[in-house]
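So the protein lines, in turn, are chains A and B. Each residue of the first sequence is one higher than the one before, counting from 1 in my numbering. Each residue of the second sequence is one higher than the one before, counting from 254 in my numbering.
These aren't lab readings, by the way, just hints derived from the structure by calculation. The beta carbon of each residue, even a glycine, is placed where N, CA and C say it ideally should be. Warning: the hint list may mix true and false statements.
To be verified - Which stretches of chain B does chain A cover? Using the computed rule of at least three CB atoms under 8 angstroms from a CB of chain A, they are:
1. 407-418
2. 431-444
To be verified - Result set (SDA-like, lysine to any residue): computed pairs, CA atoms no more than 20 angstroms apart in a straight line:
3. A:K187 <-> A:W136
4. A:K117 <-> B:Q429
5. A:K117 <-> A:D144
6. A:K67 <-> A:S44
7. B:K307 <-> B:E296
8. A:K67 <-> A:G79
9. A:K131 <-> A:D144
10. A:K117 <-> B:R432
11. A:K187 <-> A:E197
12. A:K117 <-> A:R104
13. A:K117 <-> B:W428
14. B:K307 <-> B:M498
15. A:K117 <-> A:A94
16. A:K117 <-> B:N433
17. A:K117 <-> B:S426
Unchecked claim - Per label pair, the in silico range of CB-to-CB distance:
18. A:Y76 <-> B:R531: 33 to 43 angstroms
19. B:I327 <-> A:N223: 33 to 43 angstroms
20. B:R527 <-> A:E197: 45 to 55 angstroms
21. A:I57 <-> B:A356: 25 to 35 angstroms
22. A:R142 <-> B:R527: 35 to 45 angstroms
23. A:T249 <-> B:R527: 31 to 41 angstroms
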Amino acid sequence: MVSKFSIRNLGFYYDDHQALRDVSVDVPANEITVVFGPSHAGKSTLLRCLNRLNDLIENVALRVEGKVLLDGQDIYRPGLDVTELRRRVGMVFALPIPLPLTIRQNVTYGPLMSGEKNPARLAELVERCLKQAAIWDEVKDRLDDPAMRLSGGQQQRLCIARSLALEPEVILLDNPTSGLDPLSTAKVEASLEILKESYTVVLVPHSVQQAARVADLAVFLLNGELVEAGPGEVLFTSPRERRTEDYVTGRFG
Amino acid sequence: MSAQLTQRVAFALLTLMAVVVVVPIVLVVGYIVVQGLGAISWEFVSDFPRNGMKEGGILPAIIGTVLLTFGTAIASIPIALGAAIYLAEYARDTWLTRTIRLAIINLAGIPSVVYGLFGLGMFVLFLGFGASIVAGSLTLGLMTMPVVISTAEEALLTVPQRFRVVSRSLGASHWQTVRNVVLPNALPGILTGVILGLERAAGETAPILFTAAAFYLPRLPQSAFSPTMALPYHLYVIATQVPGMPLEVQYGTALVLLVLVLGLNLVATVLRSRFRRRRQW
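Looking at chain A on its own, in the form it has when it is part of the complex (with noise of 0.2 angstroms):
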């Protein structure tokens, strides 16, 4: 199993308050692997250090300690170049926002900004990524309308095929179904399931049930540290630690 991020004594502060302590974990290639626990646990504080999100919070000091290594590499390292790294590591956010252009201009935008500039090769992108996230059939005849004007369901797997379009090798989705009716969390569920061929999944879920059900790998958190982690069908079963069975079974959280 090859590692995709190595994540190494990870501890992290918002000025003093400190949101993550000593998360070490190994995030597998091309599988799911589920970030869970309860509010305040760190999971998305987690997750955006993984594409250095937290760099944009203004007017908190932030502190970052250890190390999260992409393919061995250091993401923390001075003169690494952010941008680059956000295209490689792609962000679904937990509510759908869709930049205020058309359907076909959100999924373009990373592309664009990254200097493509081929018409076909873009069309070719656009419908793909569409249709990666299982979207395409809904939109294909109106891809000029206002992104705004789809509904939840259709504008969160939209933000998924954008960050698609950017050709990420890992995409983070924090909480993407919190909007979402049962139908269009399914939906999206099963695009996940199609997507863990291409990339590396990590995911905040919705809920435990929902981490059971798609989890390859099931990560932990409880007050920023990682209590358990180990592969979806052991952990949400037989969990070693009594912690992560009693919010598992719902006797806390």
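Fit chain B to the known structure of chain A by using the hints.
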């Protein structure tokens, strides 16, 4: 007094105060239209003044004001826009940016006649531009800048932060994000601010008094370094300095100035409302 009655009285008073605001503008505009409409003719807006400005038209003053307004736009918009983008998108909260903001607020509060005196010292005399369109535009530009900076910064900040984060997460650089996401969505708001600033500049007398305006010129300005006539100053001159000036000509001049300024205002209002309707967030 019952709560019901108190409420009615308070509501009536508040309505009254709101209506009071409308009254002066209706009276001012109405009065000037009634008094000045008789003077308006094709000749009035297309001809030079004659007979000690008591007859003929006010063409050079109209053209002068248009030129000064354009000059003000050229002098102020690039710098003001750059400053607004810096403050809204790049500046962190440090003593330097706090000082800049304080400076902008204070610049906005400086009386226009002080700008006029500064323009006289700086542009007319020290830089040797003489009383000219250039000197007047630069002076008006300085005066306009704080207004444009404040409104443009406001417009930039109304673009939701989440769009910036998404753009960056898609591998766009900071500047690409500003250029492709923030600016297009803030543009109508910025334009509104620019127009409001220019409108104020178009109507000002004091800043051009010493820096650009001429009492009377027999011909149009020949270059950017020529002095020019301008509507506000012309109005001041014919209202106070020319004995025997027909009232109708004075009010006619005021009417033309008012139409010009309120016209700009109308453009700003239309832009803003169209933007609100088109906005998707």
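Verification of the supplied hints:
1. Judged by the Cβ-Cβ criterion of 8 angstroms, the region 407-418 of chain B is covered by chain A as claimed, because 4 of its residues qualify and three suffice.
2. Figure legend: the region 431-444 of chain B, annotated as covered by chain A; annotation consistent (3 residues with Cβ-Cβ distances under 8 angstroms, at least 3 required).
3. A distance of roughly 13 angstroms separates the Cα atoms of A:K187 and A:W136; the hinted pair therefore holds under the 20 angstroms criterion.
4. Restraint check for A:K117 and B:Q429: satisfied, since their Cα atoms lie roughly 15 angstroms apart, inside the 20 angstroms limit.
5. About 18 angstroms separates the Cα atoms of A:K117 and A:D144, which keeps this hinted pair within 20 angstroms; it holds.
6. Only pairs whose Cα atoms come within 20 angstroms are accepted, and A:K67 paired with A:S44 is accepted, the gap being roughly 17 angstroms.
7. Proximity of B:K307 to B:E296 is assessed by CA-CA distance (about 13 angstroms); at most 20 angstroms being required, the pair is judged to hold.
8. A threshold of 20 angstroms between alpha carbons decides the hint, and for A:K67 with A:G79 the separation of about 15 angstroms falls inside it, so the pair holds.
9. For the hint pairing A:K131 with A:D144, the CA-to-CA distance comes to about 17 angstroms; that is within 20 angstroms, so the pair holds.
10. Restraint check: the Cα-Cα separation between A:K117 and B:R432 comes to about 17 angstroms, which is no more than 20 angstroms; the hinted pair holds.
11. Taking the CA atoms of A:K187 and A:E197, the gap is near 17 angstroms; set against the 20 angstroms cutoff, the hint holds.
12. Distance hint between A:K117 and A:R104 is fulfilled; the C-alpha atoms sit about 14 angstroms from each other, no more than 20 angstroms.
13. Among the hinted pairs, A:K117 with B:W428 is consistent with the structure: their alpha-carbon atoms are about 19 angstroms apart, no more than 20 angstroms.
14. This hinted pair checks out: B:K307 and B:M498 have alpha carbons roughly 6 angstroms apart, not beyond 20 angstroms.
15. Only pairs whose Cα atoms come within 20 angstroms are accepted, and A:K117 paired with A:A94 is rejected, the gap being roughly 30 angstroms.
16. Restraint check: the Cα-Cα separation between A:K117 and B:N433 comes to about 16 angstroms, which is no more than 20 angstroms; the hinted pair holds.
17. The hinted pair formed by A:K117 and B:S426 meets the criterion: a straight-line CA distance of about 17 angstroms does not exceed 20 angstroms.
18. For A:Y76 and B:R531, the hinted distance range of 33 to 43 angstroms is satisfied, since their beta carbons lie about 42 angstroms from each other.
19. Checked against the given bound of 33 to 43 angstroms, the beta carbons of B:I327 and A:N223, roughly 59 angstroms apart, lie outside it.
20. Restraint check, B:R527 to A:E197: a C-beta distance of roughly 47 angstroms satisfies the suggested window 45 to 55 angstroms.
21. For the pair A:I57 and B:A356, the beta carbons lie near 28 angstroms from each other, so the given range of 25 to 35 angstroms is met.
22. Restraint check, A:R142 to B:R527: a C-beta distance of roughly 23 angstroms breaks the suggested window 35 to 45 angstroms.
23. For the pair A:T249 and B:R527, the supplied restraint of 31 to 41 angstroms is violated, since their beta-carbon distance comes to about 57 angstroms.
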